[in-house]
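Novice: Using the sequences provided together with the hints, build the complete structure.
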Amino acid sequence: MFPDQFLFGVEVLLNGLMAGVLYALVALGFVLIFKASGIFNYAQGVMALFAALTLVGIMDGQVPFSHLINALFGTDVHHFGWHVPAFAAILLAMAVMVGLAWIVQYFIFRHLVGQEPIILFMATIGLAYFMEGFGDMMWGSEIKKLDVGIPQGGSFWIEEATAFLGGSNFYGFFIDQLDIVAAVVAIILVVLLVAFAQYTKQGRAMRAVADDHQAALSVGISLSFIWVLVWSLAGFVALVAGIMWGAKSGVQFSLSLIALKALPVLMLGGFTSIPGAIVGGLIVGVGEKLFEFLIGAPFLGGATENWFAYMLALVFLVFRPQGLFGEKIIERV
Amino acid sequence: MFDQAESFVTADGRTIGAVMMEMKNITLRFGGVVAIKDISFDVREGEIRAIIGPNGAGKSSMLNVISGFYHPQEGEVWYKGARRPEMKPFEVARQGIARTFQNIALFEGMSVLDNVMTGRLNHMKSGILSQAIWYGKAEREETENRAVVERVIDFLEIQHIRKTPVSRLPYGLKKRVELARALAADPKLLLLDEPMAGMNVEEKEDMSRFILDVNDEFGTTIVLIEHDMGVVMDLSDRVVVMDYGKKIGDGPPDEVRNNQAVIDAYLGVAHD
Ligand SMILES: Nc1ncnc2c1ncn2[C@@H]1O[C@H](COP(=O)(O)OP(=O)(O)OP(=O)(O)O)[C@@H](O)[C@H]1O
Ligand SMILES: [Mg+2]
Chain A
1 MFPDQFLFGV
11 EVLLNGLMAG
21 VLYALVALGF
31 VLIFKASGIF
41 NYAQGVMALF
51 AALTLVGIMD
61 GQVPFSHLIN
71 ALFGTDVHHF
81 GWHVPAFAAI
91 LLAMAVMVGL
101 AWIVQYFIFR
111 HLVGQEPIIL
121 FMATIGLAYF
131 MEGFGDMMWG
141 SEIKKLDVGI
151 PQGGSFWIEE
161 ATAFLGGSNF
171 YGFFIDQLDI
181 VAAVVAIILV
191 VLLVAFAQYT
201 KQGRAMRAVA
211 DDHQAALSVG
221 ISLSFIWVLV
231 WSLAGFVALV
241 AGIMWGAKSG
251 VQFSLSLIAL
261 KALPVLMLGG
271 FTSIPGAIVG
281 GLIVGVGEKL
291 FEFLIGAPFL
301 GGATENWFAY
311 MLALVFLVFR
321 PQGLFGEKII
331 ERV
Chain B
1001 MFDQAESFVT
1011 ADGRTIGAVM
1021 MEMKNITLRF
1031 GGVVAIKDIS
1041 FDVREGEIRA
1051 IIGPNGAGKS
1061 SMLNVISGFY
1071 HPQEGEVWYK
1081 GARRPEMKPF
1091 EVARQGIART
1101 FQNIALFEGM
1111 SVLDNVMTGR
1121 LNHMKSGILS
1131 QAIWYGKAER
1141 EETENRAVVE
1151 RVIDFLEIQH
1161 IRKTPVSRLP
1171 YGLKKRVELA
1181 RALAADPKLL
1191 LLDEPMAGMN
1201 VEEKEDMSRF
1211 ILDVNDEFGT
1221 TIVLIEHDMG
1231 VVMDLSDRVV
1241 VMDYGKKIGD
1251 GPPDEVRNNQ
1261 AVIDAYLGVA
1271 HD
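Protein sequences appear in the order of chains A and B. Sequential numbering from 1 applies to the first sequence in this note's numbering. Sequential numbering from 1001 applies to the second sequence in this note's numbering.
In short, the hints are calculated from the structure, not lab data. Any given hint could turn out to be false.
[As the list claims (entries may be wrong)] Here are the simulated DMTMM-like pairs of lysine to aspartate or glutamate, each with C-alpha atoms no more than 25 Å apart in a straight line:
1. B:1088 <-> A:212
2. B:1088 <-> A:116
3. B:1163 <-> A:212
[To be verified] Simulated restraints, written as ranges between beta carbons of each label pair:
4. A:117 <-> B:1086: 23 to 33 Å
5. B:1230 <-> A:38: 37 to 47 Å
6. B:1086 <-> A:112: 17 to 27 Å
7. A:110 <-> B:1198: 31 to 41 Å
8. A:82 <-> B:1150: 55 to 65 Å
9. A:38 <-> B:1086: 24 to 34 Å
Beta carbons: idealized from backbone N, C-alpha and C, even for Gly.
Specialist: Okay, structure coming up:
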């Protein structure tokens, strides 16, 4: 038997881990693109929103651009009248994200090769707002419910199985089933991504491009192909993050703001490290929940989750600017 | 001189094959700078062709034109009897043309083995899906590619650093790893931009031996840029001499060495 206060702490920690997994997932999307092309993709959050909107739209059989169509032709179409099963809809949404990756490469970044990083960054800001508006135009801006069949609510099984740990005031750990699913999916995704990068031809080429463009070209790698590939992978990661977040709190504009949570994760983990994104995500998730539980709520009036991650990242930046896993930056003189 | 011949024998008794690549009236400009001015020359199968000339003569630019990194404003590149359309560097590489760089372009974050392995990328057929589905086939392919890579590593005597991250290697070894990566691609034509620059005498001797052995054992055609005249004389079958973007000499090493324009260029005689 443990003291209840300790067990509550453990529960907070577990929930923090679950949240951290999602942060890690979003951060991973950033890292993929940044490593391969040096582009800091401000639009990563909007991509998650766009992916989730597209998924809901496909599942519900929504007519894309219905507002525009109706305004132009005086029609009144909104729905095709069918419903697409979640699995098929996810595949279709993925195909849309691959299409998007291709469009982004061929219409934007192909023309910006060799430009300053700040210009590439500006381009992604433009892309973010364009996609936001385009997503609205395509699927409408109202809040949508996303239900792909993931169970929600506390897991009774875990509660019952752990109730014995504490006294009569402790009813077992409360952990949302959705969070568990999200964590498992994220872990599978990360394992798949790592296996892809390590063992496939395209993965090897991807790592080569991330390391040195000139050398990659000389061994016969097409940079544009790899860039479409990493944008597709980032789109895939965005879709998964969008599904998890969307299932939890509905698909709406605020979903795109999860990208802001990835920023401190990146500062902690380093912008180019996949393990860094994962560990950074977990640290931020656990850190902000535990801080709120131990210090924030009792002493600071709560709501510390909004800023804790940024504080932590700032402290980190001062003492270890290259992040947890980045290589030490030594200025050559 | 030998233009019409299908093949001919050099002064050293080496047999050189038919024309493999031909540069026709290449002109390359960077804004006002004319890096290459109306240059033509050919490369024959199985030969070691050197390009020499003072700093800034346009040698690297020429290699970059061959490998598709630069695109000339004028002129034509003929490869294997056909005019080559404007190509990206990766497309040129896929035609069997491998290269090294004057300033070394390795994958610094990878081990020596992984670097050399990237040279095999073009020989890996399986796509993402087939790799997932026909795991056995992908595995066999991987084993075959590994065998080629190990042979190259043995050949260039870098077994002892196979697992070392490239970033930790000294300059001379990096140059050798870069050559290994190019060789792993099993190229028809190998382009080497100053493979011996910055090396000590012993390293230079090793590198010269490797270049000759590659040419000998695999029959690889080699285009080589080099500053060290002694090395050029020893290695090459024919030499192109460049100065200020122009070709001022072309022929066997002995002939070129005694060419007055070449002597002037190297002694820094004022241009008119
Ligand atoms: N990418 C480029 N942009 C602008 N100018 C260039 C570029 N590459 C080469 N040049 C110019 O073209 C000329 C020839 O350069 P190149 O590098 O081909 O000479 P090089 O013969 O290889 O010299 P070195 O022996 O110093 O390597 C130089 O004037 C150089 O400044
Ligand atoms: Mg040069």
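Novice: Look at each hint and say if it fits the structure.
Specialist: Each hint tested on the structure:
1. B:1088 <-> A:212: holds (16 Å)
2. B:1088 <-> A:116: Roughly 22 Å separates the two Cα atoms, so the pair holds.
3. B:1163 <-> A:212: holds (19 Å)
4. A:117 <-> B:1086: 23 to 33 Å: For residue 117 (chain A) and residue 1086 (chain B) the Cβ distance comes to about 28 Å; the hint holds.
5. B:1230 <-> A:38: 37 to 47 Å: holds (42 Å)
6. B:1086 <-> A:112: 17 to 27 Å: holds (21 Å)
7. A:110 <-> B:1198: 31 to 41 Å: Since residue 110 (chain A) and residue 1198 (chain B) have Cβ atoms about 36 Å apart, the given range 31 to 41 Å holds.
8. A:82 <-> B:1150: 55 to 65 Å: Holds, since residue 82 (chain A) and residue 1150 (chain B) (Cβ atoms, about 56 Å apart) stay within the stated range.
9. A:38 <-> B:1086: 24 to 34 Å: Roughly 26 Å apart at Cβ, these two residues keep to the hinted range, so it holds.
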